[in-house]
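**Student:** Using the sequences plus the hints, can you model the full thing?
Take the sequence shown: its letters are residues 1 to 130, numbered as in the working numbering.
Just so you know, these hints were derived from the structure itself, not from any lab. Wrong hints could be hidden among the right ones.
Computed spacing ranges between beta-carbons, pair by pair [claimed, not checked]:
# : residue 1 : residue 2 : range
1 : Leu-119   : Ser-49    : 19 to 27 Å
2 : Thr-93    : Tyr-52    : 43 to 51 Å
3 : Leu-107   : Leu-43    : 33 to 41 Å
4 : Gly-66    : Asn-124   : 33 to 41 Å
5 : Val-109   : Ser-49    : 24 to 32 Å
Please read all numbers here as calculations on a predicted model, not as lab measurements. Just so it is clear, CB atoms sit at the ideal spot from N, CA and C, and this is done for glycine as well.
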Amino acid sequence: MSQQESHALSVDSSNISKMKQKNNNNGEEERKKIHQKVSLLKLFSFADSYDYLLMILGSIGACLHGASVPVFFIFFGKMINIAGLAYLFPAQTSHKVAKYSLDFVYLSVVILFSSWIGLSLLPNYVARTL
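**Tutor:** This is the structure:
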C-alpha cells in the first residue's frame, strides 16, 4: 500500500469516528428527552374517582390473591394432620375431612374472584391512563 492510500484510509477512518461521536451525542440527547422522570403526584394528577376505584379494588384483589397461598398451606397441613390421626378416631375423621374440604371450596372461590378482580381492574386503570 502506498503512502497516499494509507493517508486516505486514515482520513476516512477519522471522519467515520467523528461521525460516530456526533451520532452518539445526538442519541444521548434523544435518550434524555425520552426518559424524563415524572413525580408520583404528577402521575396521579390526571386520575379521576373511577381510576381510584379501579386502583383500590384491583389492589385489594391482588393482596387477597397473594395471601391465598399461605392460607392454602395452613388448610393443607390441617388435612394432613387429620389423615395421620384417621386410624385412631375414624368417626371424627370423616366429619373433619368434610369440614376442611368445604374450606378448600370456599378458598378456591375467594382465589377465583380475587384473581379476576386483580387481573382485570388494574390493567383497565393502566389502559385508561395511557
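**Student:** Measuring from beta carbon to beta carbon, are Leu-119 and Ser-49 in 19 to 27 Å?
**Tutor:** 22 Å Cβ-Cβ, so the 19 to 27 Å window holds.
**Student:** Okay, Gly-66 versus Asn-124 on CB: inside 33 to 41 Å?
**Tutor:** violated, 20 Å
**Student:** Mind checking the hinted window 33 to 41 Å against the Cβ distance between Leu-107 and Leu-43?
**Tutor:** holds, 35 Å
**Student:** Just to be sure I understand the hint, the distance between the Cβ atoms of Thr-93 and Tyr-52 should be within 43 to 51 Å; is that true here?
**Tutor:** With Cβ atoms ~49 Å apart, the hint holds.
**Student:** Is 24 to 32 Å respected by the C-beta to C-beta distance linking Val-109 and Ser-49?
**Tutor:** holds, 29 Å
Of the hints listed earlier, the one the structure fails to meet is number 4.
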